[in-house]
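Novice: Residue-level listing of the chains:
There are 4 protein chains.
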Amino acid sequence: MLELLKQEVLEANLALPRHELVTFTWGNASGFDEESKLMVIKPSGVSYDELTAEQMVVVNLDGRTVEGELRPSSDTPTHLELYRRFPGIAGIVHTHSPWATSWSQAGMDLPVFGTTHADYFNGAVPCTRPMTAAEISGDYELATGNVIAETFEANGISPLEVPAVFVHGHAPFTWGASPADAVYHAVVLEETAKMGSRTKALQPDVSGISPELLNKHFSRKHGSHAYYGQTGKEESR
Amino acid sequence: MLELLKQEVLEANLALPRHELVTFTWGNASGFDEESKLMVIKPSGVSYDELTAEQMVVVNLDGRTVEGELRPSSDTPTHLELYRRFPGIAGIVHTHSPWATSWSQAGMDLPVFGTTHADYFNGAVPCTRPMTAAEISGDYELATGNVIAETFEANGISPLEVPAVFVHGHAPFTWGASPADAVYHAVVLEETAKMGSRTKALQPDVSGISPELLNKHFSRKHGSHAYYGQTGKEESR
Amino acid sequence: MLELLKQEVLEANLALPRHELVTFTWGNASGFDEESKLMVIKPSGVSYDELTAEQMVVVNLDGRTVEGELRPSSDTPTHLELYRRFPGIAGIVHTHSPWATSWSQAGMDLPVFGTTHADYFNGAVPCTRPMTAAEISGDYELATGNVIAETFEANGISPLEVPAVFVHGHAPFTWGASPADAVYHAVVLEETAKMGSRTKALQPDVSGISPELLNKHFSRKHGSHAYYGQTGKEESR
Amino acid sequence: MLELLKQEVLEANLALPRHELVTFTWGNASGFDEESKLMVIKPSGVSYDELTAEQMVVVNLDGRTVEGELRPSSDTPTHLELYRRFPGIAGIVHTHSPWATSWSQAGMDLPVFGTTHADYFNGAVPCTRPMTAAEISGDYELATGNVIAETFEANGISPLEVPAVFVHGHAPFTWGASPADAVYHAVVLEETAKMGSRTKALQPDVSGISPELLNKHFSRKHGSHAYYGQTGKEESR
Chain V
1 MLELLKQEVL EANLALPRHE LVTFTWGNAS GFDEESKLMV IKPSGVSYDE
51 LTAEQMVVVN LDGRTVEGEL RPSSDTPTHL ELYRRFPGIA GIVHTHSPWA
101 TSWSQAGMDL PVFGTTHADY FNGAVPCTRP MTAAEISGDY ELATGNVIAE
151 TFEANGISPL EVPAVFVHGH APFTWGASPA DAVYHAVVLE ETAKMGSRTK
201 ALQPDVSGIS PELLNKHFSR KHGSHAYYGQ TGKEESR
Chain D
1 MLELLKQEVL EANLALPRHE LVTFTWGNAS GFDEESKLMV IKPSGVSYDE
51 LTAEQMVVVN LDGRTVEGEL RPSSDTPTHL ELYRRFPGIA GIVHTHSPWA
101 TSWSQAGMDL PVFGTTHADY FNGAVPCTRP MTAAEISGDY ELATGNVIAE
151 TFEANGISPL EVPAVFVHGH APFTWGASPA DAVYHAVVLE ETAKMGSRTK
201 ALQPDVSGIS PELLNKHFSR KHGSHAYYGQ TGKEESR
Chain R
1 MLELLKQEVL EANLALPRHE LVTFTWGNAS GFDEESKLMV IKPSGVSYDE
51 LTAEQMVVVN LDGRTVEGEL RPSSDTPTHL ELYRRFPGIA GIVHTHSPWA
101 TSWSQAGMDL PVFGTTHADY FNGAVPCTRP MTAAEISGDY ELATGNVIAE
151 TFEANGISPL EVPAVFVHGH APFTWGASPA DAVYHAVVLE ETAKMGSRTK
201 ALQPDVSGIS PELLNKHFSR KHGSHAYYGQ TGKEESR
Chain Y
1 MLELLKQEVL EANLALPRHE LVTFTWGNAS GFDEESKLMV IKPSGVSYDE
51 LTAEQMVVVN LDGRTVEGEL RPSSDTPTHL ELYRRFPGIA GIVHTHSPWA
101 TSWSQAGMDL PVFGTTHADY FNGAVPCTRP MTAAEISGDY ELATGNVIAE
151 TFEANGISPL EVPAVFVHGH APFTWGASPA DAVYHAVVLE ETAKMGSRTK
201 ALQPDVSGIS PELLNKHFSR KHGSHAYYGQ TGKEESR
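Chains as they are written, first to last, in the UniProt record's numbering: chain V, 1 to 237; chain D, 1 to 237; chain R, 1 to 237; chain Y, 1 to 237.
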C-alpha cells in the first residue's frame with residue numbers, strides 16, 4: 001500500500017540528519033496521499049540509521065493505523081490536523097533544528113530580512129501564541145496542530161505561500177507539495193533563521209526588505225510569472 | 001572484572017569526541033556497578049584514539065584502585081562523590097563542551113526555554129556557587145562533587161529528573177542510568193545550552209515555557225504515563 | 001568555443017559548495033573572455049552535483065545566448081552589467097553565504113577591522129543603497145548590477161582594489177582576475193564578515209585599523225612592492 | 001640539516017588546517033633548535049597540501065637563510081624576534097583563526113573566564129597596543145615581534161606561563177616547548193576565545209575565576225606539583 005509514498009517519506013526522514021536538522025530522533029517527516037486520504041509517517045523513537053520503508057506507518061485522517069507494525073510518531077495528531085486544515089499540502093516536516101528552535105523559544109516571528117527568505121516564503125514566518133494549560137493537558141498534539149492552523153487563519157496568511165511556522169516554546173514545522181518539498185523548506189527556514197539572528201545582532205532595528213522586493217523575489221520563483229530554473233517554475237531540488 | 005561495564009565505559013568515552021563534546025583529552029566518562037559498588041573510569045590524560053577497554057581503571061567508593069595499571073582520571077574523586085550522593089545513577093560524563101562551558105563560565109542556570117529541554121530535564125539546569133578558597137586548596141576534586149550535590153540538595157532538585165549541572169567557572173557534568181545515558185544527556189545539554197544562548201540573544205527577557213508545558217513534555221517521555229517511542233518508555237539511543 | 005573558460009567556470013561553481021558558501025543552488029560563478037567579449041555562466045537552477053562543462057552557457061555582452069542548450073542563470077544581467085562597468089575583471093561570483101548575507105540584510109558596510117581584510121580589500125566592503133520600487137519592477141537584475149556599479153563610482157572606490165559588495169537586503173557579489181580569483185574573494189569575504197560580526201559583538205564601538213596598517217598589508221600582497229609568496233606577487237591559491 | 005626539526009615543523013604546519021585554524025595559507029609554524037640557534041620555518045605562500053619537509057627553510061637568528069630553495073614566510077622576522085626575546089621557547093604558530101582574530105580585532109585581553117583557560121594559560125591572554133605609523137612603515141614584521149615582547153615585559157607576564165598573544169588589529173601568535181606544543185596552544189586559544197565570546201554574550205559583566213582557582217588548575221598540570229596525566233606532568237597530545 002502506497003509503496004512509492006513510503007519510499008518518499010523514508011527518504012525525507014533520512015534527509016533530516018543529512019542536512020544537520022536533527023539530533024538523535026528529534027524530528028519526523030510525513031507524506032499525504034490526496035486520493036486515498038491516507039498519511040504515511042515515521043514510527044516513534046526509531047533512530048534514522050535503522051529506518052526502512054516497510055517500517056513507515058499508514059494512518060487515516062481519523063488517526064487510525066491502517067498499516068504498519070510500529071506505533072506512529074507521537075506527533076501524528078499534529079500532522080493530521082495540518083493535512084485537514086491546509087488543503088493542498090502533501091508533506092510535513094517537524095524538527096528541533098537549533099536556529100529555528102531558538103526563534104520558537106524567543107516567541108518571535110521571523111521578518112523578511114532578505115531575498116533568501118523572499119525566494120520561498122511570501123511574508124514573515126509566524127510564531128504561534130503560547131498554548132493554554134487546557135490545551136496542554138487535553139489532546140496536546142492535536143491542539144498543537146490547531147494552534148498552528150489558527151495562527152494562519154487569524155492572520156490571513158496562506159499556508160501555501162508561507163509553508164513554515166514556529167510553535168511557541170517548542171520548535172518549527174514546515175510543509176510543502178511533497179515530503180521532499182517540506183524538507184527543502186526546513187532547510188530554508190534553518191538558514192534564514194540563522195541569518196536573521198545574525199542580522200539582528202548587527203542591526204537590532206533592522207526592518208526588513210520592501211514589499212516590492214519581497215513580491216519580486218517570491219514571484220520570480222513561484223506562480224505563473226516565474227522565470228527561475230530551466231522550466232520557469234521553481235525547482236526545489 | 002566488570003568486563004561489560006569496562007566496554008560500556010570505553011564506548012561512552014569514545015562517543016565524546018564523536019559528538020564533538022571534547023577537544024584533546026578534555027573529558028571523561030565513568031560507570032558504576034551497583035552490586036559490587038565499584039566504579040570504572042577512563043585513565044588520566046590518555047587520548048581517545050588510543051583508549052582500550054583494558055586500560056579502564058576500577059576504583060572502589062573509597063577511591064582505592066582495585067584493578068588497572070594506569071592512574072585514573074584526575075576527576076575521580078568528583079565522580080565518586082556523585083555516585084555516593086546521588087543513589088540510582090550508574091554513569092557520569094564530564095566534558096568542557098563549549099556551549100555548556102560558556103554557561104558555567106557565566107555562572108548562570110539554564111532556564112527551561114523550550115520543549116527540547118523539557119523532554120529530558122524536569123526544570124532548570126542549575127549552576128553551582130563558586131567554590132571557596134578553602135575548598136580549592138583542600139581536596140579540590142572531592143569538593144567539586146560536594147558543591148554539585150549541595151546545589152541539588154539545597155534547592156530540592158532531584159538529580160534523577162535533572163541529570164546535569166554547570167560547575168561555576170569550570171564546565172558541565174551529566175549523569176544517567178548508564179554511561180551511554182550520561183553521554184546522551186551531555187549531548188542534550190550542549191544542544192539546549194546552544195539554543196538557550198541564541199534564544200537570549202534574540203529576546204533577552206525571555207522567561208521560558210509554562211509549568212504545564214514542562215510537565216507535559218517531561219512526563220510524555222518519563223515515568224508511568226510515558227507514551228513516546230515503541231514501548232511507551234523513553235528510548236535514549 | 002571557450003572550452004578552457006568553460007572548465008574554469010565549472011570548477012569555480014563546484015568550489016562554492018566545497019567552501020560551504022552555498023546551500024542548494026543559491027549561487028553562481030561566471031567568467032569573461034576579454035578578447036571575444038563573451039561571458040560563460042552557470043545554467044539556472046541546476047544543482048552543483050549534476051553540472052558539466054558542456055552545460056555552461058555562453059552569452060554576449062548584449063545578453064544574447066551564443067552557445068548552450070540551457071537557460072543561463074537568472075542573475076545573468078547583473079553579471080553582464082558588472083563586466084561592462086568594471087573593466088579588468090574576468091570572473092564574478094554570487095552567493096548567499098550566511099555571514100556576508102547577514103551584513104547585506106543589515107545594510108551595513110564592513111569596516112577594515114583587521115589585517116585579514118586588509119590583505120585583500122583596500123578599504124571597507126560597501127553595501128549598496130536599497131533598490132527603488134521602479135528598479136525592482138523594471139529590469140531588476142540589470143538594475144542590481146547598476147546599483148553595485150553606482151556604489152563604487154559615487155564613492156570613488158576602485159572595484160579592482162575592493163573586489164566585493166553587499167547588495168542591500170540581498171547578498172554578496174565578489175569578482176577578480178579570473179573565476180577562481182572571484183571564488184577566493186568570496187571565501188575571504190565570508191571569513192571577514194564572520195570575524196567582523198564577532199568583533200562588533202565583543203566591542204561595539206570598534207573603529208578598525210589605521211590607514212597605515214591597511215596600506216601596509218594591502219601593498220604587501222598587491223602591486224609593484226609586494227613581497228608575499230614566492231614571486232613577490234599575491235598567490236591566490 | 002635539522003631533518004628531525006624540519007619534519008616536526010612540517011607536521012605542525014599540516015596540523016593547522018586539520019584543526020580548522022587556517023583558511024588558505026593564512027598561518028605558519030616554526031621550530032627553533034637551541035643548540036645551533038637555527039630556526040626552521042614554512043616557505044611563504046605555499047599551500048598546505050603541497051608542503052614537504054624539504055621545502056622548509058632554515059634561517060639563523062640574524063634572518064639569513066642558511067638552507068632552502070624557497071623564500072621563508074613573510075612573518076620570519078616576527079618569529080625570530082620572539083625566539084630572541086623569549087628564551088626557552090622552541091616552537092611558534094601564527095594563524096588567523098577566527099575567534100582569536102576577533103579578540104585581536106576588538107583589541108581586548110582575554111580574561112581567565114574558566115578552568116579550560118587556567119589549565120594552560122596562567123593569567124589573561126594579553127592584546128598588544130596598536131602599532132605606530134613609524135613601526136608599520138619601518139621593519140614591520142620585526143616591529144610586530146617587538147610589540148609582542150614589549151607587552152609581556154611591560155606587564156611582567158611570563159611568556160612561558162602565558163604562551164599566547166593577540167596582536168592588535170591583526171591575529172594571534174602562540175608558542176611552546178616544541179612546534180607541536182605551539183599548535184596545541186593555538187587550539188586552546190581558539191577554544192577559549194570562542195567560549196569567552198559566548199560567556200560575555202550571556203553575562204557582559206562576568207569577571208572571571210578567582211586567583212585560587214586559576215592557580216589550582218595551572219599548577220595541577222604544570223610545574224613540580226602537577227598530578228594530571230600518567231606522569232604527573234602535562235601531556236600535551
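For the record, the hints were derived by calculation from the structure and aren't laboratory data.
Be aware that one or more of the hints could be misleading.
Using 27 angstroms as the maximum straight-line C-alpha spacing, the simulated DSSO-like pairs for lysine-lysine come out as follows [to be verified]:
| id | chain 1 | residue 1 | chain 2 | residue 2 |
| --- | --- | --- | --- | --- |
| 1 | Y | K216 | V | K200 |
| 2 | R | K200 | R | K216 |
| 3 | V | K200 | R | K200 |
| 4 | V | K216 | V | K200 |
| 5 | Y | K216 | Y | K200 |
| 6 | R | K200 | Y | K200 |
| 7 | D | K216 | V | K200 |
| 8 | R | K216 | D | K200 |
| 9 | D | K200 | D | K216 |
| 10 | D | K200 | Y | K216 |
Just so it is clear, the structure is predicted and the values come from calculations on it, not from any experiment.
Novice: Now tell me, hint by hint, if it's right for this structure.
Specialist: Okay, the hints, checked on the actual structure:
Annotation: proposed proximity of K216/Y to K200/V is violated, straight-line Cα distance about 40 angstroms (limit 27 angstroms). A threshold of 27 angstroms between alpha carbons decides the hint, and for K200/R with K216/R the separation of about 23 angstroms falls inside it, so the pair holds. A hinted pair counts as satisfied when its Cα atoms are at most 27 angstroms apart, and K200/V with K200/R qualifies at roughly 12 angstroms. This hinted pair checks out: K216/V and K200/V have alpha carbons roughly 23 angstroms apart, not beyond 27 angstroms.
Distance check on the hinted pair: K216/Y and K200/Y sit about 23 angstroms apart at the alpha-carbon level, within 27 angstroms; holds. The straight-line distance between the Cα atoms of K200/R and K200/Y is roughly 12 angstroms, inside the 27 angstroms bound, and the hint therefore holds. A threshold of 27 angstroms between alpha carbons decides the hint, and for K216/D with K200/V the separation of about 33 angstroms lies outside it, so the pair is violated. The suggested pairing of K216/R with K200/D is violated, with an alpha-carbon distance near 40 angstroms, which exceeds 27 angstroms.
Using a Cα cut-off of 27 angstroms, the hinted pair K200/D and K216/D holds, with the two alpha carbons roughly 23 angstroms apart. Note on K200/D and K216/Y: the hinted pairing is violated, with a Cα-Cα distance of about 33 angstroms set against a maximum of 27 angstroms.
Going down the numbered hints, you'll see the structure goes against 1, 7, 8 and 10, while the others check out.
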